[in-house]
Structures are given as structure tokens and as C-alpha cells.
Amino acid sequence: MLDLIKSLCALDGVCGTEEPVAAFIRAHAEKHADSVRTDVMGNVIAFKKGAKTPSKSVLLTAHIDEVGLIVTGYTDDGYLKFDEAGGIDRRVLLGKTVYIGKDRVFGVIGTRAVHLIEGKERDKIPQLWEMFIDIGAKDRDAAARRVSLGDTAVFGGEPFDLSGKLVKARALDDRVGCAVMMKLMETQLPIDCTFAFTVQEEAGTRGAFGAAFSVSPDIALVIETATSADLPSVSAHQRVTRLGQGVVIPFMDRGTVYNRELFSMLTGLAEKHSIPWQTKTRIAGGTDAAAVQRTRGGVMTAAAAVPVRNLHSPAPVAHLDDIENLYKLCALFLSEIGERY
Amino acid sequence: MTLEERILALSALPGPAGFEEGAAKCISEMLAEAADEVRTDVMGNVIAVRRCGKENARRLLLDAHYDEIGFVVTGHEEGFLRFAAIGGVDARMLPAAEIRILTEPSRVGVVAAAPPHVLEKGESDKAVKMEDLFIDVGLTQEEAEKAVPVGTPAVFNAPARAFGDGYICGKALDNRASLAVIIEVLRRLKDRPLDVDLFVLASAQEELGRRGAKTAAFDIAPDWCVVLDADHAKTPDNKRHDMKKPGGGVVVSIGPNMNRKLTDKAIRLAREKGIPHQIGVEAGDSGTNAAAVQIAREGVATALLGIPVKYMHSPVETLALSDALAAADLLEALVISITEGYADA
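Residue numbers (the working numbering), protein chains in the order written: chain A, 1 to 341; chain B, 1 to 345.
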């Protein structure tokens, strides 16, 4: 599982330019699923027959896009101007490296040296329009030869583990969900199941609208990551989720009030099988569920997630036990649906 | 090893000010290839000497500090590491930065910062203060206390690399690039007889106020010294007129902190040999080891050469390789010129 997550996180898939991730997942699905298609938005949708066709059809979703940057302009002296693709707290940008476009042009987000910044300015984060990427181009033409407007950029930095318990990787949100679905797809499933690997979640769940419409499921489970603020400086109720404390089963976030029956089913399964679980202690974040739930006449929708520190930054961190537990709970979920419906 | 390779190799060494041991060994080995003696002193300075064999020979010192800015662990909370800065760290670089903790073996951690949802309105325009930042190493409180004791040093985890139109980026280019230039010159002069004793000082603790150079300059007692250090290069978010041009050549600094004759000699040589250079005026303290060396003992004739570096004290310090090459060319010419001038002394 960890190797698969690292492989997935090495692929570039900033919101709107997800093809490298889609291709990787499609190749996997073609081996393990019964049918695979890519829709007009770029969602990869796979169907796999299981031991039983339940009376309610089931969709699992995870999004393949990640937050990143998008190039919006050049300066005369060869620097790039950029905007955020997906919601990024701009406090994580200074001093970071990026890879831009299909050719993975290397760049750095610099800022003038600390020696040259007066008093109060040192506490101020520059506005996004004041920031720039340095690709070592000598002028505008040299920059434009390497990078085109609209090219997207991923953060640099290699995946690594921390003390063998945590993993740091750029696109954990939501390649963790993708990896869980790909692993499930490799197994003999208890029920028929559709897997939607969605694009553009970070741009407002834009891929999930079409995917859920075309699949038109009765039940959906969104497999995701959830923000964690479990730092000593943050009071308990503000932490939202905590690493290593189990699968996050949300009752509600800013996009969705989750289906109560499925919420209870998931928490019950976790209790019954001694899988640690937690719920969000603050109504924060949102998932593809916001689109999926309100598809056609409405879809029974739940979510299960792994808590992630430094979400939407170059260095998200997740706990390996949480990932393993998420996989187990998702597998149990499919079996339980098979028994109930 | 080319100059570029040497800059990359030196950048990778961990050596925050006061905790330079992790860099000293490799630097000693590099210096030993082109010097007669290499030693490390009580302050952590690495000093190499190439003797000319003459009695009471004059002494020429080439200095580049080899320490870098960094961090030191000051406590543990819920398994996270509390830390303080060593030298001039820009706290705005830290959220989500990778940090190499210098335990044995070293381990990489991530600076964790509270996500936006726990902030008050307007707070995301403000830099996170150092006291609200923690290094996440994935340990429990008990494990962290044991594995990463208070006092453990750390540096940015930022591998150096070449990119773009001849640029290099990475941590600690301030001032390992200068040290790479000095080693390059030492190698170029390897088979050339000199009439002075040539000292190389890889000085410690510059980032904490030139503490290494102060004692080493006393100890070596040079007649002349050429200090090499990083200088501020122009960046697009800086309108100041006195920033150096990246790719514009080696900086020759002029001002009261530098010996005027030696400086003039450097400028004249650069002009004669067509070495790309730019003049940097320092009205007072140059902010470099030149300020310490110049007033060692009864005074040392000191020159200051600079390599323009963008984003100094960040994990993505950036310089043009051509400027480092120009620095090597000028330093080589300057050493030869000084030693020839004193052939009869």
C-alpha cells in the first residue's frame, strides 16, 4: 500500500491537468476491473463485478487531482507569476521548489533575503500577486520558451517516512483514497462496485458532478483525507482530527450532512471489528460528497478519510495505521452492503 | 571535480553555526588534496596551509565561512520538537519545510503549522511565529525526548541542483559556494611555486557574528586576507539600487572595511583580464568576516570578493555558476599578483 501511495504521489495531477495520474490508474483498472472508461471531464470510471449484485448499486469515489500552482504571466527579467490551483494557504509557499508543466521545469519560490526586510515587514506574508517563481531564465523570452501560460506546477520534495510510522508526500490528498480503491479493485469483491477516480475536486468537486450523474448510484462512499490540526498549540476541539487515532467518519462538513444510516453503519462496523475511528471535532472542509449526494434524485452518501497534517501544502503527513484501517473499513463496508441489500 | 560539482557537494554538508562537525571532515579532506597541513581549531575553524618553504615568509589568507544558518531543538511537546533559529532564519520559509535533524543517523522532519481554519481572520496575511511552529518527526513524546535530545542541531533539507540558464539553487550556498571557489583556486595553483605561505580558512560561526574568523585571524596572523562571501543579488521584489546583478560577475567590495590598495589591485586585475565583475560599495561594516579579520592583531590588509546570491538564508538560495567561475578567475589572479609582488620580501 505504501509503495502504491508513493508511486501515485510521484505523478503530477494538479487540478485540471490530471492525465498522468489518470493514465496510471487506467492501466491498473484495465488489469483488475471488468470495464473502464474515461469521461469528458477526465474522470476514470471502472466497474467490477462482485459475488453479488445488491439491490442498491454502490459507487466508491476518490479524487485524483491535487492542489498546485498555475502560471499566469512572465516578468521582463524572466520570472513567472502564478495563481493557486485549489485552495492553498499562501504561508506555505515561500522557499519551496516546484516542477512546472509536462517537461517538469524546475523552479523556486524565492523572496528577498531576510536581511533586506525591515521590522514589521518580516511578519507579513506577501500577497500572491507579489510572489514569483524563478526558473533561472535570463529574460521573458527564455522563460516563455520553457513554460507556457496555463501550465500547472506541483510542489517539489521527495516522499519519505517519519520514524516508520508516518508518511510525508506531496499529494496524499487524495492519492491515499485512490490507493485504497486500487487495492480494493485487486480483490474478489463481495458486491458489484463502480469506482470513480474523479478530477477537479480541488476546484469545487467539478469532476464528481458528471461522474455521479452518469453512474447514478444508490449508495456512494467518498474515500478521502481530512485536515488535522493536532498540534500542541491548538486546543483540542480545534484539532478537527488526530493522526494515528483511526479512520475519520464525518457526520457533517461544510459541504455535506452525511447520510445517517451509512454513518451509523460505518461507525458500527468499526466498533464491531475493533477498527479505531474518530469523527471531525469541527465542521471543516468538504469532499466530493457535496456533488455526489445531490445527483439526480439524491444519493445515500458517506465518507471515510485519513487524517492529514499540513493538508494542501508541499509536505502533508499521514499515519500508516490510519491508512491501513481506512482500507479495512472500506472493505467491510462493501461486505455489509452485500448483506443488507 | 568541477566547480559546479564541488558547490553541490559542499552545499549538501550539514553544518549550522556552532555545530559544524558534520561538514568539517569532508572539507578537511578536500583541502588536504592541495595543502601541506590541515587542522581544526578550538572554535571549529578548518585551517589549511601551503608552505612556500622560505623562512619568515609572508602570509596570505583566503577565508570563506563554512557554517550555515540552521536550527536547534529546544524542547518536546506531544512528540513534536520545539526549536530555535541559529543565525538569521526567515520564519516565513518554515511552514511545511523539510528539516534535517542532525541525530546519528540524521532524520528528516517536517515543520507543521496550524491550518487556516484555526486562524483568526486576517491572520493568514501574517507570518507564523517561530513559537507556533513545531517539527514533526513522527515520534511519541517519550521517543522524541530520547531520540532527539534538547540541543540537537538541524538544517534545511534542501538538496542543491543546477537549473535554468546556468544557475544553482540549494541551501548553504552562502557560503559553501565561496569555499568551493577557494578550493578550486588552491587546486589550480597546486603546481605553481608561491613566495608566500598560503593559508585557507574555512571559518566557523560566521552566522553568529564572525566568531570563528576572529580567533583564526589572530592565530594565523596574516599579512593579507581575501575574504569571499555571498552578496545580495537583485530579486524582482526588491527595488533597491545597490543589489548585485545575478550573472553580472564577481563582486569586488570597496569601502573602509576593505584595504583600498588590495581592492584596487583586484579591480585592476579584473579589468586587465576581462573577468566579469561588479563593484559593491560598503559604506561601513561589510557584514562579513572581512570586518573581523581587518582588525585582527594590529590590522590585516583585507579584500572582499562576493558571489551574488538570491534569496539568501533560504532553502532555495540561487546563484549563477558564471559568477562563481568569475570569482575563481579573479581570486587566482589576485593570489598570483600578491605573491609575485612580494617575491623579494
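Please keep in mind that the hints were generated in silico from the structure rather than gathered at the bench.
Keep in mind that the hints are not guaranteed to be accurate.
[Stated by the list, open to error] Anything over 12 Å on all C-beta distances counts as not near chain A; from chain B, calculated: (1) Glu104; (2) Gly138; (3) His232; (4) Lys239; (5) Ile267.
[What the hints assert, rightly or not] Result set (DSS-like, lysine-lysine): computed pairs, CA atoms no more than 25 Å apart in a straight line: (6) B:Lys146 - A:Lys138; (7) A:Lys165 - B:Lys146; (8) A:Lys56 - B:Lys245; (9) B:Lys234 - A:Lys124; (10) B:Lys25 - A:Lys120; (11) A:Lys120 - B:Lys146; (12) A:Lys81 - B:Lys146.
[What the hints assert, rightly or not] For the chain B half of the interface with chain A, some residues (derived, Cβ under 7 Å), not all of them: (13) Glu78; (14) His117; (15) Gly164.
Glycine included, every Cβ here is placed at the ideal spot set by N, Cα and C.
Going through the hints against the structure:
Every beta carbon of chain A lies more than 12 Å from that of B:Glu104, the smallest distance being close to 15 Å; the non-interface claim holds. At roughly 3 Å, the least C-beta separation between B:Gly138 and chain A is not larger than 12 Å, which violates its mark as non-interface. In this structure B:His232 is not separated from chain A by more than 12 Å, as the shortest Cβ-Cβ distance comes to only about 6 Å. The claim that B:Lys239 lies off the interface is violated: its Cβ sits roughly 10 Å from the closest Cβ of chain A, which falls inside the 12 Å cut-off.
With a least beta-carbon separation of about 25 Å from chain A, B:Ile267 lies farther than 12 Å from that chain, consistent with its non-interface assignment. Using a Cα cut-off of 25 Å, the hinted pair B:Lys146 and A:Lys138 is violated, with the two alpha carbons roughly 49 Å apart. Restraint check for A:Lys165 and B:Lys146: the C-alpha separation of about 17 Å stays at or below 25 Å, so the hint holds. A distance of roughly 67 Å separates the Cα atoms of A:Lys56 and B:Lys245; the hinted pair therefore is violated under the 25 Å criterion.
For the suggested pair B:Lys234 and A:Lys124, the alpha carbons sit about 20 Å apart, so the restraint of at most 25 Å is met. A hinted pair counts as satisfied when its Cα atoms are at most 25 Å apart, and B:Lys25 with A:Lys120 does not qualify at roughly 40 Å. Restraint check: the Cα-Cα separation between A:Lys120 and B:Lys146 comes to about 38 Å, which exceeds 25 Å; the hinted pair is violated. For the hint pairing A:Lys81 with B:Lys146, the CA-to-CA distance comes to about 45 Å; that exceeds 25 Å, so the pair is violated.
With 7 Å as the threshold, the beta carbon of B:Glu78 comes within range of chain A, its nearest partner Cβ sitting at about 5 Å, so the hint holds. Among the interface hints, the one on B:His117 holds; its C-beta lies about 5 Å from the nearest C-beta in chain A, closer than the 7 Å criterion. The closest approach between the C-beta of B:Gly164 and any C-beta of chain A is roughly 2 Å, which is under the 7 Å cut-off, so the hint is satisfied.
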